[in-house]
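Trainee: This is what each chain is made of:
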Amino acid sequence: MPPPSVPEPGAAGARSYANPYLAGVGLGVVLLCSFLLAGRGLGVVGAIRTLTGDAMRLLFPAHVAANPFYADERIATPFAARYWIVFEVAGLILGAWLSAWLAGRVRTQITHGPRIGDAGRMGYALVGGGIMGFGAALARGCTSGLALSGGALLGVGSWVFMLALFAGGYAAAWFVRRQWI
Amino acid sequence: MDLTFPIGQGAGLPAPITLGLALLLGIGFGAALERGGLGDGRKLSGQFYLRDLTVFKVMFTAIVTAMLGLYLLEWAGMLDRAALLAPPTYLLPQLAGGLVFGVGFVTAGYCPGTSCVAGMSGRLDGFAALVGMLAGMVVFGESYPMLEHFSGKTPMPDATLPGLLNLPDGLVAGGVALLALAAFMLIERFEAGRR
Numbered sequence: 003m004p005p006p007s008v009p010e011p012g013a014a015g016a017r018s019y020a021n022p023y024l025a026g027v028g029l030g031v032v033l034l035c036s037f038l039l040a041g042r043g044l045g046v047v048g049a050i051r052t053l054t055g056d057a058m059r060l061l062f063p064a065h066v067a068a069n070p071f072y073a074d075e076r077i078a079t080p081f082a083a084r085y086w087i088v089f090e091v092a093g094l095i096l097g098a099w100l101s102a103w104l105a106g107r108v109r110t111q112i113t114h115g116p117r118i119g120d121a122g123r124m125g126y127a128l129v130g131g132g133i134m135g136f137g138a139a140l141a142r143g144c145t146s147g148l149a150l151s152g153g154a155l156l157g158v159g160s161w162v163f164m165l166a167l168f169a170g171g172y173a174a175a176w177f178v179r180r181q182w183i
Numbered sequence: 003m004d005l006t007f008p009i010g011q012g013a014g015l016p017a018p019i020t021l022g023l024a025l026l027l028g029i030g031f032g033a034a035l036e037r038g039g040l041g042d043g044r045k046l047s048g049q050f051y052l053r054d055l056t057v058f059k060v061m062f063t064a065i066v067t068a069m070l071g072l073y074l075l076e077w078a079g080m081l082d083r084a085a086l087l088a089p090p091t092y093l094l095p096q097l098a099g100g101l102v103f104g105v106g107f108v109t110a111g112y113c114p115g116t117s118c119v120a121g122m123s124g125r126l127d128g129f130a131a132l133v134g135m136l137a138g139m140v141v142f143g144e145s146y147p148m149l150e151h152f153s154g155k156t157p158m159p160d161a162t163l164p165g166l167l168n169l170p171d172g173l174v175a176g177g178v179a180l181l182a183l184a185a186f187m188l189i190e191r192f193e194a195g196r197r
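Protein chains in written order, with the working numbering: chain A, 3 to 183; chain B, 3 to 197.
None of these hints come from the bench; they were simulated from the model. Because the structure is a prediction, the values reported are computed rather than measured. Misleading hints may appear alongside valid ones.
Covered stretches of chain B, as calculated for chain A (at least 3 residues, CB under 8 Å) [as the list claims (entries may be wrong)]:
| # | stretch |
| --- | --- |
| 1 | 61–75 |
| 2 | 87–96 |
| 3 | 122–135 |
| 4 | 177–185 |
| 5 | 188–194 |
All residues carry an ideal CB built from backbone N, CA and C; glycine is no exception.
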């Protein structure tokens, strides 16, 4: 079996990534604009939760009627407030694609280290995503909405979540190292 | 000048403008993540093997930038901080959720936002992480009747670090900025030593 391809980030004419501090300032300015113009921070998992809730209510109305997880989703709030985060994530998807495309970085591939195949890596991504979705639902937010946005507001829960997520990541890193190093 | 932020308090702007603004801010958000290299699972996971500290650098630079901007505007009397929608604190569920989330992060190689960025860069593992996330959300929703009690524990909705430490907001913000700066300097020395 040939070794799985491990392309360098700058492979095939793609531009190299920006300085991380510069990208961080850019991200911080977008976050600040979000607070100043929209009165709220950025988020991602809230959009998944909103869409999941709406899909479940649509598909299994009887099943979810008794479950407060779906009911507690501020259904009464106006559409623009409830779907704000969905539009923001639609923008995130568009902006990420535009940025990657302009830099010549859009390329179909599966990202992994040299010691694992494509299928194995997809399995890890799927399972890891599942664990993460569960954790984000429990914490009521993710790296963007809770850690980043709430972190800038110095919220206690945000900083606790941030420390806990790094602790969990470092604790588990050794067990999943095969896919990266 | 009596310009006071935030200007777009939900009801304050017509829905199309509110949602158009969300789309525009999202575009900036996605572009910033992509430019920083945070759509690449190897860069993200590198954080947990101390091989690539881009995640830490981007994340804390962004937090400090936004935090200082907010404090400067508040100090200038141009920001009504109470009007900002802040994520509420639920101490124990956020501690537990954070631990679980971190395990998922290093396993998936992406967090929710960066898996979108990865997917849009053509990385199929980014899409796999997103599919997993949807499933994880549904599993949580289905087990909610069992988890509801724990999920609502230790609510401290408006708790902030300055409030907890009983220190002035500006002092804590300055402290966080200085800590981040010190961490960046340490990281740069550590990385220079490895080259």
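Trainee: So, for every hint listed, does it hold in this structure?
Mentor: For each hint, the structure was consulted:
no.: 1; hint: 61–75; result: holds (count 12)
no.: 2; hint: 87–96; result: holds (count 9)
no.: 3; hint: 122–135; result: holds (count 13)
no.: 4; hint: 177–185; result: violated (count 1)
no.: 5; hint: 188–194; result: violated (count 0)
Going through the hint list in order, the structure does not satisfy hints 4, 5.
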